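Asks: Read off the chains here:
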Amino acid sequence: MASLTIDKLTKSFGAVDVLKGIDLEIEDGGFLVLVGPSGCGKSTLLNCIAGLEKTTSGEIRIGDRNVEGLHPSKRDIAMVFQSYALYPNMTVRGNISFGMEIRGIAKADQDRAIQEVADMLQIGNLLDRKPSQLSGGQRQRVAMGRALVRHPQVFLFDEPLSNLDAKLRVDMRTEIKRLHSRMGTTIVYVTHDQIEALTLATKIAVLEAGYLQQFGTPDEIYNDPANMFVADFMGSPSMNLIEGRLTASADGLEVVIDSHDDRSISLPVPDSAAMRQHLDHSIVFGIRPEAMTDPDGADRTSSRVVTRDCYIEVSQPAGSDTFALTKLGGKECIARFRADARIELGSFSPVSFNMTKAVFFDPSTKERIR
Amino acid sequence: MSASSQDNALQTSGIMRAMIYALLIFFVIYYLLPLWIMIANSLKPLEEIHSGDMLAPPRSITFEPWRSAWSTTQVGVEATGLRPYFINSILMVVPAVVLSTFLGALNGYVLTKWQFRGANLVFGLMLLACFIPFQIVLIPMARILGMLGLAGTIPGLVMVHTIYGLGFTTLFFRNYYAAFPTELVRAAQIDGASFFQVFWRILVPSSGPIIVVTIIWQFTNVWNDFLFGASFSSYDSTPITVALNNLVNSSTGVKEYNVHFAGAILAALPTLIVYIVSGRYFVRGLMAGAVKG
Chain A
59 MASLTIDKLT KSFGAVDVLK GIDLEIEDGG FLVLVGPSGC GKSTLLNCIA GLEKTTSGEI
119 RIGDRNVEGL HPSKRDIAMV FQSYALYPNM TVRGNISFGM EIRGIAKADQ DRAIQEVADM
179 LQIGNLLDRK PSQLSGGQRQ RVAMGRALVR HPQVFLFDEP LSNLDAKLRV DMRTEIKRLH
239 SRMGTTIVYV THDQIEALTL ATKIAVLEAG YLQQFGTPDE IYNDPANMFV ADFMGSPSMN
299 LIEGRLTASA DGLEVVIDSH DDRSISLPVP DSAAMRQHLD HSIVFGIRPE AMTDPDGADR
359 TSSRVVTRDC YIEVSQPAGS DTFALTKLGG KECIARFRAD ARIELGSFSP VSFNMTKAVF
419 FDPSTKERIR
Chain B
1290 MSASSQDNAL QTSGIMRAMI YALLIFFVIY YLLPLWIMIA NSLKPLEEIH SGDMLAPPRS
1350 ITFEPWRSAW STTQVGVEAT GLRPYFINSI LMVVPAVVLS TFLGALNGYV LTKWQFRGAN
1410 LVFGLMLLAC FIPFQIVLIP MARILGMLGL AGTIPGLVMV HTIYGLGFTT LFFRNYYAAF
1470 PTELVRAAQI DGASFFQVFW RILVPSSGPI IVVTIIWQFT NVWNDFLFGA SFSSYDSTPI
1530 TVALNNLVNS STGVKEYNVH FAGAILAALP TLIVYIVSGR YFVRGLMAGA VKG
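Note that the protein sequences, when read in sequence, are chains A and B. Throughout the first sequence, residue numbering follows the numbering used here, covering 59 to 428 in sequence. Throughout the second sequence, residue numbering follows the numbering used here, covering 1290 to 1582 in sequence.
Treat the hints as calculated values from the structure; they're not laboratory data. Treat the numbers as computed from the prediction; the structure is a model and nothing was measured. Built from N, CA and C at the ideal position, the CB exists for glycine as well. Do not rely on the hints blindly, as some may be mistaken.
[Stated by the list, open to error] Between beta-carbon pairs, the in silico distance windows are:
| id | chain 1 | residue 1 | chain 2 | residue 2 | range |
| --- | --- | --- | --- | --- | --- |
| 1 | A | Leu-337 | B | Gln-1404 | 52 to 58 Å |
| 2 | B | Pro-1470 | A | Lys-235 | 26 to 32 Å |
| 3 | B | Pro-1470 | A | Asp-354 | 53 to 59 Å |
| 4 | A | Pro-95 | B | Val-1387 | 57 to 63 Å |
Pulled out of the complex, with its shape left as it was, chain A reads as follows (with noise of 0.2 Å):
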């Protein structure tokens, strides 16, 4: 086991920079999740560190031994592809011994190893089929043992449940975090799924077009987004970003935000130097769909909930919550409303604004005003 250090890495194909500078680190037994849009670079730096693609420039160490210029197999790493990468020739069995065929380990230790991680991942009684005689859960599993035999210093995993079916998908996000419990291997894992991220990781790394646009824990990257990019990429259904004008009143600080038929909203914006530099302009402000709620269903432990009114367009039922769309800010916004809140379509009802979990953006920079 070793911590995995990423010292401003840079990698281009060509002309075309894919990695622009990327700064990691993530502690020894920690889960880093890359995340990010297709096309962000995010299975390109994985690459870098399994020793796949060369980098351009910068450092990769993992424990504190510079892995430059080292081939994959002397890297200490495994890795689970997202097709699995199963040879096709080769039993269940013969796919997991084949490293340990290669570097030349007794075949008593081998089978020893080989029983080891079928007991772990209960798939004994498929040591003999080929793959194609898999279920893609059970190929899922293979490929994750054939990982595990190496008892590497660090696992690196490539969106590896993106060919599952959903249900399956949840099932093995489990089985994975269990796994790292349980083993307490540093792993590096690859999705573009934001909900894998936040559910798996202890660090996510958030990515796009090359630049790391935030690393911190799921918290911090949920809570305090460093910009709109992450703020808008993370959570599901993701951030309102609504636009408004930030006016001084009486009470302090408040944003102005056009709501339906020339009506506006005002909401209270906590006071500091930063935001003041903002008076008289319009800022992004950000609130996650269940900080909007109907005012029953508002969070009694929240110090700040302000109500007002406004135009419900659309209700989605979603069995556990029902989404409300308003329009705000010219945008549709998304409210989270308990599934038993009665909503009136096309009419004006109170909704509760939970203004500690609001953030405010600066429209010109997409940088969080802090």
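Given the coordinates of chain A, work out where chain B should sit on it, guided by the hints.
Replies: Only chain B this time, still in chain A's reference frame:
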């Protein structure tokens, strides 16, 4: 396979069906007629051929023409039959097919899984080899064989056919391996497999269909080749195609048609056997990668 093709077939009425079968039977006869003439006449004594109908079945069956074609008839100046030349052809075809298939597989592997700068250009140039007519390479090849001291020998012919076949075998394997998931190669690299371990342990075991296609293609082409054989062989390395020509041309008074027919069948037999044994893989291999599953 058969079930799915039935599903795809158009619904036809009884009359249509009868017409289709009539047409198909007509073409079957049309294509089988030459083979019938060859087999029937190779089993007749010479007098029977001279006296009558080429299409008629033999009245008295004799295997003498076959024996003669195989071991005693006059080929050129020697009365050896086709046997030594048949053996020459085997000695030429087997190494040439094995070598060109192996090198084609290796080329395909490098061109798809070890992408280097200019890989596509190299592939393009190799493809060009498929379009070069035999005649163009004759003189330069003769010069090279002479320089290597391989002129007029079986190893020389093996080399010529290996080089000439490389364009095709590379094309086959490159296209097959292009559809082979690169993640498998990467997984094997992480497992520590070397360049050749990846090739032998991961790629080759999954290459069955394309190996069969390449072997059929190369076997047929090399076995049936006449021009290289006629140009680059000497009396002790002549392949069977050239020997067959000599057999037909060297007459001692009478034309022994029955022996000629038997010899021609003997010369065509190996390719026929290769087709019959592995023909279904050929079709399957040509389709591989075209559609999933």
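Asks: Each hint needs a verdict: does it hold in this structure or not?
Replies: Evaluated hints:
1. A:Leu-337 / B:Gln-1404: 52 to 58 Å: holds, 57 Å
2. B:Pro-1470 / A:Lys-235: 26 to 32 Å: holds, 28 Å
3. B:Pro-1470 / A:Asp-354: 53 to 59 Å: Since the Cβ atoms of Pro-1470 of chain B and Asp-354 of chain A sit about 54 Å apart, the hinted range of 53 to 59 Å holds.
4. A:Pro-95 / B:Val-1387: 57 to 63 Å: violated, 50 Å
The structure fails hint 4 only (numbered hints given earlier).
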